[in-house]
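Number of protein chains: 2
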Amino acid sequence: MQPAIDELKEKARAAKEASRRLAHLPTEVKNEALLNIAESLTSREGEVLDANRLDCEEAKAGGMGEAMLDRLLLTSARLQAMAQDVRTVASLPDPVGETFDARVLPNGLHIERRRVPLGVIGAIYESRPNVTVDISTLCLKSGNAVILRGGKEALRSNAALAKVIKEAAEAAGVPQGAVQFIESTERALVNHMLKMKETIDLIIPRGGEELVEMVTENATMPVLASGVGVCHTYVDSSADLEKAVAIAYNAKVQRPTVCNALDALLVHSDIAEHYLPLIAKEWAKAGVEMHCDERALKILFSNFKVASASEEDWGKEFLALIAAIKVVDSLDEALEHIERYGSGHSEAIITEDYSAAMRFLEEVDAACVYVNASTRFTDGGQFGLGAEVGISTQKFHARGPMGLKELTTYKWVIMGSGQVRP
Amino acid sequence: MQPAIDELKEKARAAKEASRRLAHLPTEVKNEALLNIAESLTSREGEVLDANRLDCEEAKAGGMGEAMLDRLLLTSARLQAMAQDVRTVASLPDPVGETFDARVLPNGLHIERRRVPLGVIGAIYESRPNVTVDISTLCLKSGNAVILRGGKEALRSNAALAKVIKEAAEAAGVPQGAVQFIESTERALVNHMLKMKETIDLIIPRGGEELVEMVTENATMPVLASGVGVCHTYVDSSADLEKAVAIAYNAKVQRPTVCNALDALLVHSDIAEHYLPLIAKEWAKAGVEMHCDERALKILFSNFKVASASEEDWGKEFLALIAAIKVVDSLDEALEHIERYGSGHSEAIITEDYSAAMRFLEEVDAACVYVNASTRFTDGGQFGLGAEVGISTQKFHARGPMGLKELTTYKWVIMGSGQVRP
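Chains as they are written, first to last, in my numbering: chain W, 1 to 422; chain G, 423 to 844.
Each hint should be verified, as a subset may be incorrect.
Going by beta-carbon spacing under 7 Å, a handful of chain W positions derived as facing chain G [to be verified]:
1) N250
2) Y370
3) F396
4) T409
5) Y410
6) W412
7) V413
8) S417
Because the hints were derived from the structure by calculation, they are not lab data.
In this text, a Cβ means the ideal position worked out from N, Cα and C, and glycines have one as well.
All chains should be modelled from the sequences, with the hints used to inform the complete structure.
Dropping the structure here:
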């Protein structure tokens, strides 16, 4: 264990040192580094794919399931897509140096807030190797050094990616030490990392609920965590039913395994008899399993294969082609249900009623609130933030999709001409 | 103990419920409530001063020192000053509802971030009763409910102030439950409070280092903490010495017991022989105890009563009329010293050299960085934020003086017309 701890400490120290220079690195150098990385991801795909093949073979032999294997797998096309994401990050405005709340005080002091990097960011993640690229390029662009700790299953893939990133970045003038990859797979090492608040300014956990919880509970530094998404779409009595079908279909089916997918559909009783068969028909075609409350069941059971919802279906993140369905009698009932069962991620109302729309936006306490659109849009890329660090359901510091700005802090800059406090 | 826990739980529940209505309370109602509070602080000064007299008598009898007694003491003039601060908060713009980063995406989605309250804020503080007024009015203006847990010594004073605030606020239409004051003085209750992350969205500790540390280490929810201020003023070789004397004098003497007061003076060797006697003369008149490094000692010892600095003098927050003095040979040496010993609070350079000024602002990693001004300006009121919640030396969420905006979060509001994700 001690060699692993020594490795960690030495890499953290090097990252800290690099972070001081990174904070003042010109935007052009950072962008050049990102374009170099993008280029290398394709020009050096051989070494990455070779490493990934070994990871995949070992995982397969170890009995990893299809879905997990697919998350682990890298292909030429996937590397190209990753390179494209990196180019997008390069094209985004540099958050560092942005000045806000600037003004001249009556005593002549010029005061402003200036955006600066956080310093050193630690990332702890599970099997998807693309996180190595996502996090390190976002950290680089935002002027932060990064310490990467990936999952054991993807060790070779992550190490190969980190090597490509590090070399491409340094070739462009990024200080050595800015991108650190922890080679040791000792589990206990994570606990050490979580106690290094003197060196690591922020921890980003990316992975399953268990990992996020473990990190949140044990970290001594702030944590930027992606939260569970229990997402509702409420179809109001005044909804345009065609839109309501398209949106609920998209929210559930377009990519059911992610946090912003629909989990529960709430339908106003005035339109339930018309609307439910319409959406059920589409969902049934797509293979969506429907867990209905009593009233929804009554409407659907004769024409569709539906199940009865149990109490556990409310407030559950399915991450699969399953939807809970409930009939409500009012917007208020929908709001209460969402307050009780939502996880503060993404919530939508489908309505043509202006006041209902405004009330929903105002009263639902969630990271993202929608009118007449699919909750699937909750995403850094879709929101124009570039590649995202994750989607936060906490309220402190960052909420919803977290991009470059969320990896920074600010300092107050005060320029005087001899002012003293009276 | 159980009755105290029950009281806490019931008050927290009531605060949570009130917070939902508070979040949507019109600005005029909140301002009206604040003006009512200001009015009541003077019109009902009798009951507050009576309560305070009992606290002070008991504290005196218990052997409380002069400085602490002065912090506990309320007077008619102090209440008037508090009322004036509350009027200032009323006059500040309402942070809630502020919209930023609004834009229309290519697919027609209208997207924006909208500022919203955090919810329920817990405050844990020590003997100064003015915190009761400061925190509760800042919470009210920012749409948050508040649970106040003050120090035992100020119990009667705090309870009287909280009663005045609560009644004045409710008379203006603030929902019942928005301002909660915990009457029990059981010490263990704080630990319960720190575990209530489901109800309390943020904890603000205000008091000594020990309290802040205890809260930071045990709280399960985010903490907005004021940090220790180890503040340096560096007098560069090109400094205007007259300004440098006025600023260092002000930073040390104007109010030595606070976090933004000067702790260490760094002086460039080129001007040390001219400058040090000038500032030492003024400081000596004000009774400042000077702890000098070897070179400063050599310059000053024949004409001034100075002491030799020990290693503990560097990086120490004196909170008293004591200053450490060190001669450095370059801006770089000053920057290194500040990086090593500063606490990331407020740091100043006195210089007429433009490049030195810019380098200092860029390279010093602190909440507030100054050129040619006293670090004593680090203050919410001075920065135009109104009464402040504290001064943060952490980097996450808020840095430096924390005012209304720092008590809020935001949500993403997305208005569509049927968009689905392709």
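Going through the hints against the structure:
no.	hint	verdict
1	N250	holds, 4 Å
2	Y370	holds, 5 Å
3	F396	holds, 4 Å
4	T409	holds, 4 Å
5	Y410	holds, 6 Å
6	W412	holds, 4 Å
7	V413	holds, 5 Å
8	S417	holds, 6 Å
The structure is consistent with each of the numbered hints, conforming to all of them.
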